[in-house]
Amino acid sequence: MPPRIKKFPLPDPEHGWSTFVRSRLAFTEGVSPHDTIRAAHTQQALDAELSAIHLALCDVKTRRNALSTISALPDEVLIYIFELARATSRPASDPSHRLGWITVTHVCRHWRDTALDAPCLWNDIFSGRLNNQWTDLMLTRTREIPITIRWNLDEDEYCDHWDLRMLSPHVHRARHLTLRGPAATLVSFLSSRSFSNAVLKTLDLDGCWRNPDDQHVAPELPATMIGTRLPSLSEVCLAGLCIPWSAPILCELTHLEIYVHWLGRSDTTWFCEAYRNSSYDELLCALERMPALQVLVLKHCFPANSGPATRKVALPQLQLLTLHDASKPCFAIFQQLLIPPTCQLLLDTTDERQAQDIAALLPALAAHFSTQSIGPPFHTLRIYSPRAGRYTLDAW
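If you count the sequence shown from 1, you need to add 81 to reach this note's numbering.
Read the hints as simulated data drawn from the structure, not as lab findings.
Hints are not guaranteed to be accurate.
With a straight-line Cα cutoff of 20 Å, these simulated SDA-like cross-link-like pairs (lysine to any residue) come out [as the list claims (entries may be wrong)]:
1. K282 - T309
2. K409 - Q398
3. K393 - S327
4. K380 - T309
5. K282 - H336
6. K282 - A373
7. K142 - T184
8. K409 - P397
9. K282 - K409
10. K282 - E333
11. K380 - R261
12. K393 - L426
13. K380 - L418
Produce the entire structure from the sequences given, and follow the hints as far as they go.
Given below as structure tokens:
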């Protein structure tokens, strides 16, 4: 038998509040609208009373909400639920719900206080349709915890209002840093930052150009960034920016992608002198310092001189290898890598591959697939051209 709930007699709330309000409004008696000065002062006093009543109502609602079943959840569980909401409803992702998950802070005082007191909910800093005040507010709410920065300077008309300098005092806290914009702007910004004590884990820089015809050389990343080894760094993606193969930052990575934008113009193929003037030994030496690589994507960043390489490099954990350039440098690098037969291969060349080029690649492919048993042997090899200048190899 359920326990009895003891009920306490309460005075009639309507009578109680009516009596209280009348006592508070006694000062308005006898005030005439014809007495403009006194009426104005009385209106100001009534406005103050209304504000106080609003605060009192908020207190009553807070007390009532505190007795709701959901209020029994520990703050840690509530924060976890908010994190799920953040993952599925990003601010500015839907024009009809501009604030996204942030609307949970408008539900009740407890939810708001819990969310505002959780820095982990505000550490995803991104460009988009929220204004600078929102960005500054989110940075403040993160306090001093590591943050994620995703900033696109070329994100349509809204990004004309973004000020990259707002991020400057916080870049050292970036665990994941993604920047999109003109290469010169990114290099200038990064040159004034120190990364010696950074907690940086992933670095994704895209030096896209608004007018490609005005840019022919990919600028080199500043020494302040690439001259120091960052122990936490595991992923580097660079597009339209250059980095020497000897840079200390290229060490112990698990994910490396380097793109040099190629505009397909006959008079402008190379965009980075550092890559063009390097040697295959320098490139392979860099890969040697990253034995745990799982993803390797290299596009238009090979040496101009395809001299003989003097070393083989083992990448036993590689899961994806993508090489994109003329067939000669792509094949030269592929033949120097010792990778598991389960690694996915994407070899895409920009020149017209001749039959002898394919024939030269076949021994390397045969050696690649025969290094260990990966299942039934291949009995058939098909080579075909789905379109001019491109070949596809299928084996089964």
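Hint check results:
1. A C-alpha spacing of about 14 Å is found between K282 and T309, which places the hinted pair at or below 20 Å, so the restraint holds.
2. For the hint pairing K409 with Q398, the CA-to-CA distance comes to about 25 Å; that exceeds 20 Å, so the pair is violated.
3. Only pairs whose Cα atoms come within 20 Å are accepted, and K393 paired with S327 is accepted, the gap being roughly 17 Å.
4. In summary, the hint linking K380 to T309 is not supported, as the alpha carbons are separated by about 25 Å, beyond the 20 Å threshold.
5. Taking the CA atoms of K282 and H336, the gap is near 11 Å; set against the 20 Å cutoff, the hint holds.
6. Taking the CA atoms of K282 and A373, the gap is about 15 Å. The hint holds against a cut of 20 Å.
7. With a C-alpha separation of about 18 Å, the suggested pairing of K142 with T184 holds against the 20 Å cut-off.
8. Between K409 and P397 the alpha-carbon distance is near 24 Å, which puts this suggested pair outside the 20 Å criterion.
9. Distance hint between K282 and K409 is unfulfilled; the C-alpha atoms sit about 34 Å from each other, more than 20 Å.
10. Between K282 and E333 the alpha-carbon distance is near 12 Å, which keeps this suggested pair within the 20 Å criterion.
11. Among the hinted pairs, K380 with R261 is consistent with the structure: their alpha-carbon atoms are about 18 Å apart, no more than 20 Å.
12. For the hint linking K393 to L426, the alpha-carbon distance of about 18 Å falls within 20 Å, and the restraint holds.
13. With a CA separation close to 16 Å, the supplied pair K380 and L418 stays within the 20 Å bound.
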